[in-house]
Amino acid sequence: MSLTFARCFEPTGVLHGIPTFPWRLAPDGLATRRQLRALGLRPGGQDIAGQVLRPRFRRSPLIAFLYRVDRAKPVRPMTPAKTAALAKANTARRTCTQCRRDAGYVVPASLGMCVPCAYPEGG
0 MSLTFARCFE
10 PTGVLHGIPT
20 FPWRLAPDGL
30 ATRRQLRALG
40 LRPGGQDIAG
50 QVLRPRFRRS
60 PLIAFLYRVD
70 RAKPVRPMTP
80 AKTAALAKAN
90 TARRTCTQCR
100 RDAGYVVPAS
110 LGMCVPCAYP
120 EGG
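Per numbering that gives the first Met the number 0, numbering of the sequence shown is gapless, rising by one per residue and ending at 122.
Calculated from the structure, these hints are not laboratory results. One or more hints might be untrue.
Quick list of in silico lysine to any residue cross-link-like pairs, SDA-like style, CA-CA up to 25 Å [as the list claims (entries may be wrong)]:
(1) K72 / L85
(2) K72 / T82
(3) K72 / G103
(4) K72 / L29
Label-pair restraints from in silico Cβ distances [said to hold, decoys possible]:
(5) G44 / C116: 41 to 51 Å
(6) M112 / P26: 22 to 32 Å
(7) L61 / V114: 32 to 42 Å
(8) D27 / S109: 39 to 49 Å
Small disclaimer: the values here were computed from a predicted structure and weren't measured. Glycine included, every Cβ here is placed at the ideal spot set by N, Cα and C.
Please take these sequences and the hints and turn them into a complete structure.
Spelled out as structure tokens, the structure:
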């Protein structure tokens, strides 16, 4: 099924249930989660106001939901407990399960250990 521009541009919301716009052509006042985050905002429990569709060849389209910027709330500040928990989680991701040392990078999940432990011969 081909997703043409005409099917992507449907501001009334009859076909898809919510107003739909083509990729990069959303009206002012609506933003995606990432765009809200870049502005220091979050959706704050509001309902989805629309969506943008990006057609792809032989695959389902990419969908990004849109939220109203005027109803968005500020991002909650980081608490000391959240900062400590995040630091602990990142340390666990960098620690090798074999030698128990900090690898200095996130240990690849495919190896499950740091590169020197996975390939001890150096090759």
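Comparing the hints with the structure gives:
{"no.": "1", "hint": "K72 / L85", "result": "holds (23 Å)"}
{"no.": "2", "hint": "K72 / T82", "result": "holds (21 Å)"}
{"no.": "3", "hint": "K72 / G103", "result": "violated (36 Å)"}
{"no.": "4", "hint": "K72 / L29", "result": "holds (14 Å)"}
{"no.": "5", "hint": "G44 / C116: 41 to 51 Å", "result": "holds (46 Å)"}
{"no.": "6", "hint": "M112 / P26: 22 to 32 Å", "result": "violated (50 Å)"}
{"no.": "7", "hint": "L61 / V114: 32 to 42 Å", "result": "holds (34 Å)"}
{"no.": "8", "hint": "D27 / S109: 39 to 49 Å", "result": "holds (44 Å)"}
Consistency note: the structure conflicts with the earlier hints numbered 3, 6.
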